[in-house]
Each structure stands twice: as C-alpha cells, then as structure tokens.
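**Q** The listed protein sequences correspond, in order, to chains A, B and C. This note's numbering numbers the first residue of the first sequence as 1 and each following residue consecutively. This note's numbering numbers the first residue of the second sequence as 1001 and each following residue consecutively. This note's numbering numbers the first residue of the third sequence as 2001 and each following residue consecutively.
A portion of the hints provided could be inaccurate.
Selected chain C positions facing chain A (in silico; Cβ < 7 Å) [what the hints assert, rightly or not]:
no. : residue
1   : SER2278
2   : GLU2280
3   : GLY2334
4   : SER2338
5   : THR2341
6   : ARG2399
7   : GLU2403
8   : ALA2407
9   : GLY2413
10  : GLU2417
Here are the in silico distance ranges between beta carbons for each label pair [claimed, not checked]:
no. : chain 1 : residue 1 : chain 2 : residue 2 : range
11  : A       : THR159    : B       : GLY1193   : 57 to 65 Å
12  : C       : ASP2360   : B       : LYS1045   : 28 to 36 Å
13  : A       : ILE39     : B       : ARG1249   : 54 to 62 Å
14  : A       : VAL53     : C       : TYR2363   : 28 to 36 Å
15  : B       : PHE1025   : A       : ILE39     : 44 to 52 Å
DSSO-like cross-link-like pairs, simulated, lysine-lysine; straight-line CA separation at most 27 Å [unchecked claim]:
no. : chain 1 : residue 1 : chain 2 : residue 2
16  : A       : LYS68     : C       : LYS2167
17  : A       : LYS68     : C       : LYS2411
18  : C       : LYS2292   : A       : LYS68
19  : B       : LYS1045   : C       : LYS2476
20  : B       : LYS1203   : C       : LYS2268
21  : B       : LYS1045   : C       : LYS2049
22  : B       : LYS1045   : C       : LYS2183
23  : B       : LYS1079   : C       : LYS2268
24  : B       : LYS1007   : A       : LYS129
25  : B       : LYS1079   : C       : LYS2476
26  : B       : LYS1045   : C       : LYS2429
27  : B       : LYS1124   : A       : LYS32
28  : C       : LYS2207   : C       : LYS2311
29  : C       : LYS2410   : A       : LYS68
30  : C       : LYS2268   : A       : LYS68
31  : C       : LYS2311   : B       : LYS1045
32  : C       : LYS2410   : B       : LYS1203
In short, the hints are calculated from the structure, not lab data. Just so we're clear, the structure is a prediction, and the values are computed from it rather than from any experiment. C-beta atoms are modelled at their ideal positions from N, C-alpha and C, and glycine is treated no differently.
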Amino acid sequence: MSEQLLDTESIEPIEKEPGRFREALHQLKKNKGAIAGLIIIAIFLFIAVFAPVIAPHDPLSQNIELRKSAPFTEGFLLGSDDLGRDLLSRIIYGGRISMIIGVVSVGIALVFGILIGVISGYYGGWLDKIIMRLIDIMLAFPYVLLTIVIVAMLGPSLTNAMIAIGISQIPRYVRMVRASVLAEKEADYVVAERSLGASNFELMFRSILPNCLAPISVQASLGVGEAILSSAALSFLGLGAQPPTPEWGLMIASSREFITSAWWIVTFPGIATLLAVLGFNLFGDGLRDMLDPKLRD
Amino acid sequence: MVRFLIKRLSLLIPTLLGVVTLVFFMIALSPGDPARVMLGERANKQQLETLRAELGLDQPLGTQYGLYLKRMVRFDFGKSIKTGRPVMEEISNLYPATIELAFFAMIFAATIGIIIGVLSATRKNTWIDFTSMVGALFGVSMPVFWLALVLIMIFSVGLDLLPTGSRMNVRYYFESITNFYVIDAIILLIREGDPKYLSSAVKHLILPSVALGTIPLAIIARVTRSSMLEVLTQDYIKTARSAGIKESRVVYRYALKNALLPVITIIGLQFGLLLSGAILTETIFAWPGLGKWLYHAIEARDYPAVQGGVIIISTTFVLINLVVDILYTLVNPKIRLQ
Amino acid sequence: MKKLLIAALVLLICFSGLVFAGGDQEEPAVKEKAQEKAQEKVTPAADDKNGGVLVFARGGDSVGLDPGRETDGESFYGCTQVFDNIVEFKPGTTEIQPALAESWDTSSDGLEFTFHLRKGVKFHDGTVFNADAVVFSLGRQLWEDHPYYNHGPWKYWGGMDMSNIVKDIIAVDNYTVKFVLHKREAPFIANLAMDFAGIVSPTAVKKYGTDFPNNPVGTGPFKFVSWKKEDSIVFEKNKDYWRRPAYLDRVILKVIPDATARYLALQKGEVDIIDFPSPEDLEEMKADPDIKVIQQAGLNVGYLAFNMDRKPFGDKRVRQALNYAINKDEIIAGVYGSAGTKAKNPLPPTMWSYNNDIVDYKYDPAMAKKLLSEAGYPDGFSTTLWAMPVSRPYNPNGRKVAEIMQAQFKKVGVLTEIVSYDWGTYLEKTDHGEHDMALLGWTGDNGDPDNFLFVLLSAAAAEIPAQNISFWRDKKFNDLIIEAKETMDVAKRTELYKKAQVIFKEEAPWLPIAHSVVSEPMMNYVMDFKLSPVGKRQFYDVWLDN
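Sequences and hints are given; from them, build the entire structure.
**A** Here's what the structure looks like:
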C-alpha cells in the first residue's frame, strides 16, 4: 500500500501542486512556530539516528554502587538512575524509541486510514455505510480507553502499543479522507479523467488523493506527538515498553518511588517527552496555518 | 425538530450495540485466564477447572455472547470475578468519585481557559497572547502522569501544602450520603457547622484536578481565542464599536457571548474524554474512582468488570457527545437543514 | 461580564482562604487525635492503655472478607480483625496455641483430633459460638452437598489440599468437635490456624448469603463497621470480646497503592502505620525521629527457577554455573536494600529445620564460565528470563531484579531477553512450563517446612499446572520430604528436611535470591505492634502512647 502511495507521487505531480508547494514553503519561512517545531524535530531525529555516537555511556550498563548519583556527579551529566545507569544516555536512546513509535503508529494509522477512507468515500453505498458505522463505534470509545483495551487484548509490549495507538488513530483519517474524496469526486477534473478512461484505482489514488494531502499532513504531524504521549502513558501503566528498554514513559514510571529522594530521575525524561511532543505540535500547528488558515481549530 | 431528535437517538442504538459487541470480543479473545489470576500462586488443576466452569468460561464463545447480550439488555453486567459482587453496584459506588474529579478538573480548565483565551484574543500579537499560546502548546504536549508526579513533588513533598492523594483525610470518619464528597462536606458544614470536611475534600481535589484539567485548559484557551478573533471581525462588532460603546462592553457583552458556542462544544467533548483520562490521574493520586478500578480490573482479567466499566464510560461519552450535538444544532439551525 | 469575572475571582479567593484556613486544623493530625484521646480517657481501657483510632495504610483493597473464600493478603488483613480460629499462631511466632478451642487430643494413630471448645463466646451478631458453628464454617468448604458450598470457591481450602486430608468433621456435643483424617498429616493442626479456617457466624451467613464477604461477622477483637471500596475499611472494638477487649477503639485500613505515597502520608501524620514501604525509603524513615521501623525476617523466599525440561537447564553444570554467575549483593543493594537478606536455601532462615551448614555458591564468573565450557557452552547461550510484573513480599520489583540479572548473565556469555506478562498470564504460562528461567517466590502460610519443600519442589508439584516450575523430579529428595510429611516427631522431621536441603543445593533447580525482611514503619506513639511471621496484621494488643 505504501509503495503505491509513493508511486503516485513520483509519476506525475498534479498541475497545481508546484505552485502551491512553493507558496507553502514561502509561508513556512514566515511562520516562526513551524520553524521552531521543525528545528526541534530535526534535533530529535538527529539524536535518534546518532544515539550511539552522542550518548556518553551505554544506556544499559549498570553500576549499582553509583546508583542515584545526582546530576554533574560521577561523570553523569543528568545523574544516574536506580541501577546506576547514565540518565542522559537513556534519554538519548529513549528519543530513538519515541521517534520510531511516533512514525510507526502514525504510519499504521495513515495506511489503513487512507485506504479505508478513500474506498468508503469513492464507492459510497452500503460499503460506506458499514464502514462509517464501524468508525462511529470506534469513536464511541474515548481514545485512551481504546488503546488500553487493545493493548490489554494483545498483551503488553512496545510493538503492541504501537499497533494499538495506530488502530486508535485510524478513524480520524478515515473521516478526513472520506470527506475530501466526497468533495472531490464530482469535481470537473475527475469527471474529465473518468471520461478519458482512467481506472477507478487511478482516479482514487492518483487524481483525488493528492488533493487531500494537506489536512492529512497536518493531522499526521499532530498525530506523531500524540502517539509519543500515548505510548509513554501505556508504558507508565506497564502496558507498553518493557524493561530494560529506555522508553521515556517507562523511565518515569520506575522513578515514582524516588520523588522524595532523586528528583532528576522523575524530571528529565518528562522534559524530554514534553519537548519532543512540543516540536511536532508546533510544526503541525504551523503547517495548518500555512496550508489552510480556515482549518484552524 | 422531533424527527431530528428521533433520528439521532435511533442512531445511538446500533452504536451502543456495536460498542457492547466489540467489548465482548476484544476481551473474550484476549489472552490470560481470570481463574488463574483469582487463585494466585496456590492453584491446582481441579480448582482451576471448577472455577472456570463456575464462571462459564468453559462454554462455547457463541453461547457466552448470547448470555452476555441478554444480560446487557437488562443492564446487568454480571458479577465481578474478583469480588463476587454485582459489577453495577461497584460502578455506582465508584463513578461519583470520577465524575466529581472530572467536574472540578473541567471547572478549573474552563474558567482559566476562557479567561486566557479572551485575554489573548483581545490583545492579539502582544506578549500576553504569545506567552499564553506557547503555554497552551506546552499544556497539550505534556504527559499528564508526569505533570501529576511533578505536582506532587513540588506541592506535597517540597512545599508540604497539599495531600498526596485520596479524597479526604481518613481520620474524618463520616457516612457518605451522595458519594460526591464535596456535596457531603457541604451538608456536614450546614448540619454540624464544621468546615474541616469541606476544607479537606477541596484540598484533596486541587492537585488531581489541575493535573487532569491541564490538557482541556490548553485546548479551551486556544478555541476561545480563535473563536473570539473570528467574532471580533464581524460586522456587528464593528458597528457596535463605531457606535461608541465601551470596548470592554463590546468584548464581554457582545463578542464573548457569541464566541462561546464552539467553546461550550469543546467543553462537552473534553468532559467525555476526561472520564477516561482519569485512569492515569486516579492511579497516581490514589483516587478511589472508576478509572483506577477499571485499570485493576484489566490487570486482573476481571472480564465482567472490564466489560461493565468500558461500556459505562463509552456510553457516557457517547451520550455527552449526543447532547452537545443536539444543543449545538438547536442553537445553530443551519446545520439541521444540511 | 467583567463584573462576573471579578465576582468569580473573589469567590475563588475566599474559597481558597477557607480551604487553607481549614488546613491548620487538618495538618497536625496528631494534635487533633490527642483531643479525641482526651475524650476517650473518660472511659479508660483495661490496663489504662490508650485506645483511639489507628489508621493502617496498605497497598490494595480487600477483595472480600469471608475468610474461607479469600486468597489474597489484603483480604486477610481485614479477616484477621473480625475472625478467630479454634487454634491460632502465638503472636509473633509460628507456634500453635489454643484459641476458640481450649484444648485438643490426638488419637494414637494420628487420624483423629478432638477439640474442646470455649464456652460463653458470642459472635458480633449475638449468635452463640458452639460446635455447630465450627462444623458450619469448615464443613461448607468440605462437603459438596453443603447448602453453602456454592458460596465458594473455597480456594485456600483446596490449595492446602484439605479435602484430601479431612474425611469428616463431627460435632460430638455442643462444645466438642472431632476431625477425622484420611491420612497422617503433620502440618494439619497448623492449617487450622490459618485465616481460611476462621470461624464465621452461621446466622450471618444465612442472613447475608453471597453478600457475607461485605458484612463479615465473627468472634474476633474487632467488629466490621463500614467499607468504602478502593478506599478504606473501618472496624470498631468488640467490647464483649471473650478475652480482654482490644485497646483501640477503631481500626481503619486505608488503601494507598503507591509505596512512596504511603510514606508521605505517614510523614504528614495522615496515617499511623504503613505496610510494604519502598526499600528506597527505609533508611530515611529510620533516621526520622518521629517514626520507628519494626522489622522481622519474613517467612518467604524469592527465587529464579530453571526449567529443567528445557535445554540447556537439564544439565546440572549449567544450573550451577548460573548460580556462580549472579552477584546477589548487587541485587540486594539495588532492589531489596535493608529489606532483604541473601538466600541460599529454599527455606527461610526463621523456619525450623533451616540448614545453616550449607555453603552458598559464591559469586565467581570464572567458575561459571568453566562450568559452562564443560557443559558444552564455552561461548554461553541465549535464553529468556521471565520477570513477575507485580510487587510481592518476596520480591518487591521482579523486573528490576531481572534487569540486574540480565547484566550479570551477560558477563559470562549468557544472553537473556526479559519476558513479562500480566500477573495472571504469567502464572499460567509458568505453571505450564513455557519459560526458560522464571522469577517467582513463595510466602509460607502455616509455618511448616512442608509448606515450602513439598509444595514447591516435590515431583507431585511438577504436574501441570505445576507449582514446581523447575520441573525438578529428584527421587532421593522426594522420598525424604514425603517421609517427613508423614512423621509426627519434630526432631526426626528436622533431620530429614536438613538432608533434603543438601540435595537441593547440589542439584540447584533454583537460584535462591533473597528472603525479604518485612518492615512496618509507624509513628513512635504506636505501641506493642508485633509482626507475624505468617504475614498477619493484628491490632489486638496495640495501643497509642499519646
């Protein structure tokens, strides 16, 4: 499915795309929030890719004698955790994990969301009705609850957490894509292409879909931030990443017993999470302003 | 209008049926054996089999589902595997605690959120606006459970101002009348003239409400701001201004009133979300509510309890959304016509 | 509108004023308690010891309060207050002493026990205690055709294998009860002192039916008053107790799930005693002049079991090598703190017949590597290490223990992946032998070595679902513990169990990790609280010195 998506982009850009794209780029430069977001994301991506080079220590190597060392002591910049592992290195590797979680979960949601949304909107009829009913049912569960129940069903692990978060995010893309497809389906250019003999598949993914990409990319950027938060929450409840994985939520969870004695173990992983999510939210917000001011809230 | 209501209500039934079905199969197909959890380290084969038979777990799935649906129609969620008590009874004991928490979190979020939103909108592009909106972005980017721990670290451990958790000083022994402790405490204040109950109840509410309310606060502030900005550019506002009406009167009397519609919608939707967001907050603050209970039920594979809890929360959520929807339509007849 | 905002703000400020002004009354809970105490002094307790209200903070809520039906420690904390048994553990020990029975006789073949019951005892609801109540309380767990059998499942009764031990329970007369056994069973009398054999009021069971666990009625030192789910249970003094009445007027069991939060509540004087403190906080508590910490070696053992049905753990050299590879000092320092001691035997040191002559495998990675080479694994191997998801008395943090072990095994070339499930699944999968190595443990419940060695290491316990999750089936070991089970003479049994422990050490089916020390931090004014080796929390003797 994702391959097909890539294909559609590489073959022939829709005529009005370049202009819009340049325009967007121009606007991006003006939008300070988006730039700030982009910079934060870039930093975290850099850290994620080069974690082994940047991290001063092995995130798993223990030194029980040096447990709970304060920041700037014993060679630990941000202090050490309860097993004497370097907190900074764990946070750096945690960044890698969180980036993966964000991308994979949103990837799952995007692939299925777009596929289902396009089909539902394009074909309409009873298929559309059934799909929308199912989506309504999924939306009847509050988001947090849905992820928890799905992970409980699949069993606690990082992979399952990503799947659960991905599934929980599907409905929003289905709705968004379906609405766009419905709006574009009868547009002149689609009707024209159809009369020229374009297949359903071509019409769906090559003609109509690219026109919905703007709202989708906004939602995807915000979705990555949300996925990082959700996975931290699941790990905090013991339903996500398992030890000794340096996942931020898990690190916060295991720090609970140190709130009286070692504030740094609680504080720093939370700040890292906050910053990463902030980056995606800033960027998503900025993107929304640029692409379509009317989409705001 | 009546037809619209009937239509909306009739759509509710398949949704709820879907919820009930989905919950059943998700839970029935998940790994883990409730009998095993109940018996703990000391179980033998014969005991396990007996217990499974008693719980109906040895029946085919279809039969289990049929029986389950029959019970659901009567709002009978069965008995908790863990405690042997009716699930409905446990829920009705615990739900008030969660609603009380969500309610106060929402009061906090709505009051502060609207104030911030209005201030930002009327002072667009000033430092107030900038700080508030960056603050709001921080608010939605924060892990709630982390915020809760930091709040405890600062206000309970560091400054020793507020309790770390639970709903009331345990030494204040009293029979709860409504299960909403603030209401109970007010009754006691009137009846006995002793403010300690109210004081304790409110103090215990502050930290969890702030933790739970932060995300909705940020969202409400943003929505209020953008809604206000839109209204402030409308013609009638311009007219009012040119007529020489005082600016504060324009803002609060005319603009805010009209800008509140989308804000109220968001408040409604967020309230529904708070009920499930409370799972994390309650776990951290030892708040004896539905969220914490549901989390333990999931851990213990207490099927009937999980089913009951999830269905109740989802139903509340759906109903709140429906009410918000209907209210919105009533106020805004344009939508109805579409 | 602006006025409205201002009004709201003013209201908010006034309100917060009220809240924090009220705070002055709340914070020094001790002071307020002192006032309550002043009132109590009007009716002085027996030997002039102060009563009052005691708040005990613990990690979880009780499931129910029917002693026969429950299995978890949190439920028994409640049951212990309300119910008595016919015999009981002498407080602070595992010795058996008379309780509702004044004395008992044993037939010469060891198959009949006759109990002579105390007269003039009443249940909290006024029902008279007699032989029928005993037959009712235990009979409902034994006979499948008993009208209240279906109020079970009687899991603990089953877990102790009582249905295969007890043949019949007979009320000989109003105050005499006879137990007839199927077989000679040395630990039987200790079983009767366990919580599940608590004597319930037959009238109350009939009255409340399946709701009895919410309305427990026994003969114990405290009466049940009320229960706020997930929050607190309140008990009050039974003034008509058959012994001297308790000193405390009221006992409140309060749920605070997080260990550090419990400690904070104790610091603030919100509670008087806390259960299961985090080992991380213990040193700080001991240094606090307002807090004292009572400790006692727990009757428990936490271990790592090697699944001998799986490769390469069938090889004794591998099991020994892994024993050499672990530095228990690091585990103690990293997880148990001052709340645990290293384990070398499957029995805890406080248990009679503990073999102290046994020498533990010392920490020796070189030796471990050598043994692994001999076994054909010079470069080590890869395997799974299962970690319990929950905090148990014998292992406060299974996942953290696993993390430390993982790092240590890696040093001798054994690469492990940590596997964890929710608690129920974990138990199910381990008892089906799906693990390679798994962390687990045991808390003794009747003070008999049989309760450890037979239950956890016998060949019989290696049948699926197994409690012997090493699946160790050693003929010599097995014969010794079965002989000991059927022997009544304690000296003889001690000798047999000591021999069994030698075999255990040599064969190394487990890596015994630690025995945890049970710690109970409390305010200085809490007097005469004794920890029980079998994990009970009793408040009968407790009084408050303030």
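**Q** If a hint holds in the structure, say so; if it does not, say that too.
**A** Here is what the structure says about each hint:
1. Satisfaction of the interface hint for C/SER2278 is found here, the shortest Cβ-Cβ separation to chain A being roughly 5 Å, below the 7 Å cut-off.
2. Against a cut-off of 7 Å between C-beta atoms, the interface hint on C/GLU2280 holds, since the closest Cβ of chain A lies about 5 Å away.
3. Among the interface hints, the one on C/GLY2334 holds; its C-beta lies about 5 Å from the nearest C-beta in chain A, closer than the 7 Å criterion.
4. Taking 7 Å as the C-beta cut-off, the interface hint given for C/SER2338 is violated, the closest approach to chain A being about 14 Å.
5. Contact between C/THR2341 and chain A, as hinted, is not supported at the beta carbon level, the nearest pair being about 17 Å apart and thus beyond 7 Å.
6. For C/ARG2399, the shortest C-beta to C-beta distance to chain A is roughly 5 Å, which falls under 7 Å, so the interface hint holds.
7. The interface hint given for C/GLU2403 is met, as the beta carbon of that residue sits about 5 Å from the closest beta carbon of chain A, less than 7 Å.
8. Because the closest C-beta pair between C/ALA2407 and chain A is about 5 Å apart, less than 7 Å, the hint holds.
9. For C/GLY2413, the shortest C-beta to C-beta distance to chain A is roughly 16 Å, which exceeds 7 Å, and the interface hint is violated.
10. At its closest, the beta carbon of C/GLU2417 sits 10 Å from a beta carbon of chain A; the interface hint therefore is violated under the 7 Å criterion.
11. One distance hint, 57 to 65 Å for the beta-carbon pair A/THR159 and B/GLY1193, holds here, with the actual separation near 59 Å.
12. Checked against the given bound of 28 to 36 Å, the beta carbons of C/ASP2360 and B/LYS1045, roughly 34 Å apart, stay inside it.
13. One distance hint, 54 to 62 Å for the beta-carbon pair A/ILE39 and B/ARG1249, is violated here, with the actual separation near 43 Å.
14. In this structure the supplied range 28 to 36 Å holds for A/VAL53 paired with C/TYR2363, their Cβ-Cβ distance being about 34 Å.
15. Range check, B/PHE1025 to A/ILE39: about 46 Å between beta-carbon atoms, so the 44 to 52 Å window is met.
16. Annotation: proposed proximity of A/LYS68 to C/LYS2167 is violated, straight-line Cα distance about 58 Å (limit 27 Å).
17. Of the pairs offered as hints, the one joining A/LYS68 and C/LYS2411 holds, with about 23 Å between alpha carbons and a cut-off of 27 Å not exceeded.
18. A threshold of 27 Å between alpha carbons decides the hint, and for C/LYS2292 with A/LYS68 the separation of about 25 Å falls inside it, so the pair holds.
19. For the suggested pair B/LYS1045 and C/LYS2476, the alpha carbons sit about 26 Å apart, so the restraint of at most 27 Å is met.
20. Under the criterion of a C-alpha separation no larger than 27 Å, the hint pairing B/LYS1203 with C/LYS2268 is consistent with the structure, at around 14 Å.
21. At roughly 50 Å between alpha-carbon atoms, B/LYS1045 and C/LYS2049 are farther apart than 27 Å, so this suggested pair is violated.
22. Taking the CA atoms of B/LYS1045 and C/LYS2183, the gap is about 22 Å. The hint holds against a cut of 27 Å.
23. For a cut-off of 27 Å, the pair hint linking B/LYS1079 to C/LYS2268 is broken: about 38 Å separates their Cα positions.
24. Straight-line distance between C-alpha atoms of B/LYS1007 and A/LYS129 comes to about 16 Å, which keeps the hinted pair within the 27 Å bound.
25. Restraint check: the Cα-Cα separation between B/LYS1079 and C/LYS2476 comes to about 47 Å, which exceeds 27 Å; the hinted pair is violated.
26. Among the hinted pairs, B/LYS1045 with C/LYS2429 is consistent with the structure: their alpha-carbon atoms are about 14 Å apart, no more than 27 Å.
27. Between B/LYS1124 and A/LYS32 the alpha-carbon distance is near 16 Å, which keeps this suggested pair within the 27 Å criterion.
28. Between C/LYS2207 and C/LYS2311, the direct Cα distance comes to roughly 57 Å. Violation of the 27 Å bound is thereby established for this hinted pair.
29. Restraint check for C/LYS2410 and A/LYS68: satisfied, since their Cα atoms lie roughly 23 Å apart, inside the 27 Å limit.
30. A C-alpha spacing of about 25 Å is found between C/LYS2268 and A/LYS68, which places the hinted pair at or below 27 Å, so the restraint holds.
31. Of the supplied pair hints, the one linking C/LYS2311 and B/LYS1045 holds, its CA atoms being roughly 26 Å apart against a limit of 27 Å.
32. About 50 Å separates the Cα atoms of C/LYS2410 and B/LYS1203, which puts this hinted pair outside 27 Å; it is violated.
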